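K.L.:
If you want the building blocks of each chain, they are given just below.
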Amino acid sequence: MRSDRSTSAPLGLKIAAIGGLAFLHIPILLIFLYAFTTEEKSYQFPPPGLTLQWFTVTWNRPDVWAALILSVKVATIATAIALVLGTLCAAAVSQTRFFGRETISLLVILPIALPGIITGIALRSAFSMADIPFSFWTIVLGHATFCIVVVYNNAVARFRRVSGSLIEASMDLGADGFQTFRHIILPNIGTALLAGGMLAFALSFDEVIVTTFTGGQQSTLPIWMLEELIRPRQRPVTNVVAMVVMLVTFLPILAAYYLTRDGDQIAGAGK
Amino acid sequence: MTAAVLFENVSRHFGAVKAVDAVDLEIAAGEFFAMLGPSGSGKTTCLRLMAGFEQPTHGHIEIFGETAEGVPPYRRSVNTVFQDYALFPHLSILDNVAYGLMVKGIGKEDRRKAAEDALAMVKLPGYGQRRPGQLSGGQRQRVALARALVNKPKVLLLDEPLGALDLKLREQMQEELKSLQKSLGITFVFVTHDQGEALSMADRIAVFNDGKIQQLGTPEDIYKRPQTRFVADFVGSSNVLSSATCAKLGVAAKAASLRPEAIAIGTSWAEQLSLPGTVTARSFLGATNRISIDCSGEKIIVASPAAMPVPDIGAAVQLAFSRNDLHLMEEA
Chain A
1 MRSDRSTSAP
11 LGLKIAAIGG
21 LAFLHIPILL
31 IFLYAFTTEE
41 KSYQFPPPGL
51 TLQWFTVTWN
61 RPDVWAALIL
71 SVKVATIATA
81 IALVLGTLCA
91 AAVSQTRFFG
101 RETISLLVIL
111 PIALPGIITG
121 IALRSAFSMA
131 DIPFSFWTIV
141 LGHATFCIVV
151 VYNNAVARFR
161 RVSGSLIEAS
171 MDLGADGFQT
181 FRHIILPNIG
191 TALLAGGMLA
201 FALSFDEVIV
211 TTFTGGQQST
221 LPIWMLEELI
231 RPRQRPVTNV
241 VAMVVMLVTF
251 LPILAAYYLT
261 RDGDQIAGAG
271 K
Chain B
1 MTAAVLFENV
11 SRHFGAVKAV
21 DAVDLEIAAG
31 EFFAMLGPSG
41 SGKTTCLRLM
51 AGFEQPTHGH
61 IEIFGETAEG
71 VPPYRRSVNT
81 VFQDYALFPH
91 LSILDNVAYG
101 LMVKGIGKED
111 RRKAAEDALA
121 MVKLPGYGQR
131 RPGQLSGGQR
141 QRVALARALV
151 NKPKVLLLDE
161 PLGALDLKLR
171 EQMQEELKSL
181 QKSLGITFVF
191 VTHDQGEALS
201 MADRIAVFND
211 GKIQQLGTPE
221 DIYKRPQTRF
231 VADFVGSSNV
241 LSSATCAKLG
251 VAAKAASLRP
261 EAIAIGTSWA
271 EQLSLPGTVT
281 ARSFLGATNR
291 ISIDCSGEKI
301 IVASPAAMPV
311 PDIGAAVQLA
321 FSRNDLHLME
331 EA
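Residue numbers (the working numbering), protein chains in the order written: chain A, 1 to 271; chain B, 1 to 332.
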């Protein structure tokens, strides 16, 4: 029967779906493949031979380590800033009513809607005008602008589901503001913050555009990769780093997805 | 004796809205006190002023002789049972009940024991390991009650405590709340819009409207001797007779209230007052018949016992009632 749900899709649709997925993922697999090639100057297909030597070479390159450590530091601090500011902002917008609340909500989300290049140029001219030298901290600030959005979006959705009377009930039972935050608010928004934090970390970790405009001499891992592609020597090192970056960013995003998926059952279940 | 709760000229304004307007109130220790009124009448704001979630715009509040304004909710010896119960969804029932003791720093073993005792008191022993989501509405309400009472508050505030329960459960909880209050001796203050609930449970009732107390008294006072048209109308449905009708009866008053069940149709004798009228509608309500009668332009409702004969629509009848059941009111 045509209306039967178990009827398989038409052949054309199947081919289109497979083709689409292949188009998305085969290039990524090629990146993985060339991490093992013996040819270091150009990407010829098929690779003349396979080797694990580039992992050793990568391990021993100090510039890779410098870039990696810088990226991890930037992502960690930007995420930490975003967690604090994003949560506070979400709490203010969802728990209280004040003049301009909707506007503030929009302004907070705006940086993620803006093209990165505009954020980058804007930050760069702002830093120059304020005579702030480009450094590690300007990169962190640049990244924090969009990390806050991710944390805010996750937190505000969860805050809306934590009914205001839970906070009043906690106060009524003798808990001061800090105890209420620790015992009631944090457990209810914890997974949302973890998910938001992981997404923020992943975003910061592979950010190129804003970093280009706000960074000084130092390069984060994605910037280092961009520079490395131009050089024809030891190209597979870049592929090895790309693999690592993918794993480092993919796992947190996957975890964030699973953490927020069942979120509906966490808060507000007592209503 | 110190009042449990004392309001002196208390107002709470939200911008131009006078949610509570110059209220004076004194609730005695150990009393079961009801604040009755329609929604938006200021009764819930009064409760929140006692709990500390709201601060008065003007006036002075005392709880057992201690000044309450400026004192945050967590430093008041008052606990609240919330309308939506507000149980913490991420904690077990036992941890919910023990929460107040936990934040006060009482040891784990002591608070577990106290929480279990409190659960037994509300007839939910052994429910400690469940989660709020696994309980029915009535059970959650008992947990909310145990969670408040375990802190041994001087005053227990209940915000529409029975509003979300079905009729059968509500009647059962009314009795349980009443006996719990008597055995604990704690002052209970509860807010309701259900006049039957207020009349059956409370020692005294304050009827609220427009941020003001319309009348304060025992259930019998409020029911039988309403002082204003609003109280007469809101608490049950008293007939309010105009001054013209009062004059016909030989009574000088601006207005008077008369309860539907205090009127008999037909027979009248010397010491009774009587009014002629025409039957305009009738409906069967089970225990009573509700009969509408037109007495020269004034509509009067009579609640006649089901056993009495029911006059036909359009029939001319005599209404008879005792002078004692007619209560004169100050305002028209």
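Derived by calculation from the structure, the hints in this document are not laboratory data. Note that the structure is predicted; figures quoted are calculated from it, not measured. Where is the CB? At the ideal position from N, CA and C, for every residue including glycine. Misleading hints may appear alongside valid ones.
[What the hints assert, rightly or not] Here are some chain A residues pointing at chain B (derived, C-beta under 7 angstroms): (1) GLY19; (2) GLY20; (3) LEU21; (4) VAL93; (5) ALA175; (6) GLN179; (7) LEU186; (8) PRO187; (9) GLU227.
K.L.:
Does LEU186(A) hold up as a contact with chain B if the rule is Cβ-Cβ below 7 angstroms?
P.N.:
Result: violated, 10 angstroms to nearest chain B Cβ.
K.L.:
Please check whether LEU21(A) passes as an interface residue: C-beta within 7 angstroms of a C-beta belonging to chain B.
P.N.:
violated, 39 angstroms
K.L.:
Going by Cβ atoms only, is GLU227(A) closer than 7 angstroms to chain B?
P.N.:
violated, 48 angstroms
K.L.:
Given a cut of 7 angstroms on the nearest C-beta pair, is the interface hint for ALA175(A) held or broken against chain B?
P.N.:
holds, 4 angstroms
K.L.:
So, as I understand it, the hint says GLY20(A) touches chain B; can you test that by seeing if any CB pair is closer than 7 angstroms?
P.N.:
violated, 41 angstroms
K.L.:
Can VAL93(A) be said to touch chain B, with a Cβ gap under 7 angstroms?
P.N.:
This interface hint is violated because 21 angstroms lies over the 7 angstroms limit.
K.L.:
Can GLN179(A) be said to touch chain B, with a Cβ gap under 7 angstroms?
P.N.:
Nearest chain B Cβ about 5 angstroms off; hint holds.
K.L.:
Min Cβ distance, GLY19(A) to chain B: is it shorter than 7 angstroms?
P.N.:
Since chain B brings no Cβ nearer than about 46 angstroms to GLY19(A), farther than 7 angstroms, the hint is violated.
K.L.:
Using the nearest Cβ pair, does PRO187(A) come within less than 7 angstroms of chain B?
P.N.:
Since chain B brings a Cβ to about 5 angstroms from PRO187(A), closer than 7 angstroms, the hint holds.
When each numbered hint is compared with the structure, violations occur for hints 1, 2, 3, 4, 7, 9.
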